[in-house]
Amino acid sequence: MVELQGKTALVVGAGGLGGPAALALAGAGIGRLVLADAAPVEPADLVIAPLLAESDLGRPRGAALAGALARLFPGIDVSAPEQPLDAGSARDLLLGVHVAADATNHFPGMFQVNDAAVAAGVPMVHGALLGHTAQLLSVVPGATGCLRCLFEGPPPRPEPVLPEPDPLGPLAGLVGSLLGVEAVRLLEGKPGAYAGRLLVYEARSGWSRSVSVRPRPGCPACSARHAQGEGRAGGPP
Amino acid sequence: MSDADAEARFAGQALLPGFADAGLPRLRDARVHVVGAGPVAAPALLYLARAGVGTLYLDDGADVEPGDSGAWLYAPAQVGQSRLLAALEVLRAASCTVEVRPAASDTSATATLICARSEGVARTSAERARLAGLPHVVALGDAGGGEVISIPIGAPCFACASRPGARVQPRGGAAAAIGTLAALELLLLVAGAAPGQERGRRIALVEGRPGAEATARRPGCGCRLF
Chain A
1 MVELQGKTAL VVGAGGLGGP AALALAGAGI GRLVLADAAP VEPADLVIAP
51 LLAESDLGRP RGAALAGALA RLFPGIDVSA PEQPLDAGSA RDLLLGVHVA
101 ADATNHFPGM FQVNDAAVAA GVPMVHGALL GHTAQLLSVV PGATGCLRCL
151 FEGPPPRPEP VLPEPDPLGP LAGLVGSLLG VEAVRLLEGK PGAYAGRLLV
201 YEARSGWSRS VSVRPRPGCP ACSARHAQGE GRAGGPP
Chain B
1 MSDADAEARF AGQALLPGFA DAGLPRLRDA RVHVVGAGPV AAPALLYLAR
51 AGVGTLYLDD GADVEPGDSG AWLYAPAQVG QSRLLAALEV LRAASCTVEV
101 RPAASDTSAT ATLICARSEG VARTSAERAR LAGLPHVVAL GDAGGGEVIS
151 IPIGAPCFAC ASRPGARVQP RGGAAAAIGT LAALELLLLV AGAAPGQERG
201 RRIALVEGRP GAEATARRPG CGCRLF
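Going line by line, the protein sequences match chains A and B. Be aware that the first sequence starts at 1, since it is given in our numbering, and climbs by one per residue. Be aware that the second sequence starts at 1, since it is given in our numbering, and climbs by one per residue.
Excised from the complex, chain A in its bound form (with noise of 0.2 Å):
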C-alpha cells in the first residue's frame, strides 16, 4: 500500500460530487486536501450534498466542507481558498498537486479543470451528472485522451432554456465516492478504472457503458502540452 500521507489533492467543486470524493480521499489517509468552490451553499444543495448543514447555508461551499470533513477528520490538513474558478486559477490551485478531483458538474470549470491539469502533467479524475444518468473519466497527462479530446469543448448553449433537474442525492453520492476512489488508485500508482475510458451509467435502466478515450491530434489541450515540453509529467513528486 503506497503511503498518502505526503500527497497532496485537489478537488474542484464542494458540493453532491467533491463531498464524497474529499470523503473517500480523506479516509484513505491522504496528507493534504484542497477544496476549491467559492460559490454559497443553497438550499437545494442540502438535497445531494447531505456533509453540508443548514447552518452552512450562505457560506462558501469549500470552507463548508472543509469544516465537516475537520468533524470527521481532526487533524486534516483541509484548506479551502476562495477565489473563483477560472482557467488563471485553475492553473494555480494546480500547484503542488498529485491528483486533481473535477467535481465542478459545470461546462466551463471542467473544461478549465482539464486543461490546467493536462498542462500541468497532474492525473485528474472527472465526474459529472445530467438528470439520472453519470459519467466518469481519468485522464492521464502523456499516456491517455482528455476531455477535449472527446467533447472538444463546452457546448455552444451554456444555458439552458429550460431549468435543468437535478441529480438524485446518492447518484451523487454514488460518483463522488467513485471520483474519490479512482483518484486514490491513480495516487498509488495503480492503472484507473476509467483511464482513458469514459464510464457512462443510466440509474434508471442499471445501464453502463464504456467509451475509449483516446489522445486526439490536434486536440488543444494536449498540443499545448507537447508545445511546452511536455509540462510536469505526473505532477510534483
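For the record, the hints were derived by calculation from the structure and aren't laboratory data. Fair warning: there could be bad hints in the mix.
[Said to hold, decoys possible] Short, incomplete list of chain B residues facing chain A, as computed with Cβ under 7 Å: (1) Ala177; (2) Leu184; (3) Ala194.
[As the list claims (entries may be wrong)] Cβ-to-Cβ under 8 Å is the rule here; a few derived chain B residues that face chain A: (4) Gly172; (5) Ala176; (6) Ala212.
[Said to hold, decoys possible] Computed footprint of chain B on chain A, listed as stretches where at least three residues anywhere in the stretch have a Cβ under 8 Å from a Cβ of chain B: (7) 23-34; (8) 166-173; (9) 206-217.
By construction, the Cβ of each residue, glycine as well, lies at the ideal position given by its N, Cα and C atoms.
Since the structure of chain A is provided, determine the placement of chain B on it from the hints.
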C-alpha cells in the same frame, strides 16, 4: 420547514423523469426500515434522510468501531458509543423533513434497506421483509465493490438473486459507493421511477463499474409460493 421551503428545496428533483408526479409524494409517505448503520449503511441513511423520505427506522445493535471513523456519520471521539444513538442524533439534526426512530418489533415499515455486516444477517433480514410483503433492497459489500439487489414484491428473492463472493467488508470510499448505490436503488423502487426495476434486478459494482442484470428465480426455490 414550511411547505413552500420544502417545495423549493425539492424543485430540482421534481423535474426528474419518474419523480415529476407521484414519485416525491411516495417518498414522503414511505417508512423505511434500515438494517445496519455501519460504513455501508451510514451514507445511505444520510441520503435517505435528505431525500424527503418520511420515516426512517434504524436497526443496529453494535457500537461505533475504529473502522467506522469517517463513515459519514461518526467522528473518532464516538468510538465505543452506540451506533444507533449516534446515528439518531446526526440524522435528526441532518433533516427536519424526516422522522427518525429506533426500529421496534411493531415497526410499520413500507420498505426495507438491508446493509448488514454479514451475509447471514442479510439473508435473514431479506426473508423477513419478503414474508412481510415489503419491497426491499439488499447491499453486500465485497472489498472494492459488491452487489446491490432490488427485490420488489413478488420478485425473485435474495437467495435466488445473490451471487457468491468473498464478502470482505469494504471501507471508506468503496463502502460509501455500495451504500449510496443501495440508497439510490431504494429511492427508485419506492418512487416507482425505474421501469426495468419492477421485476427485480441485481447491480454488481466491480472495479468501479456498475452493471445491472434482471434477476431470475432459481429452480426449486419456494419464493414464488409465499
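For this structure, which hints from the list above don't hold up?
-> No hint contradicted; all consistent.
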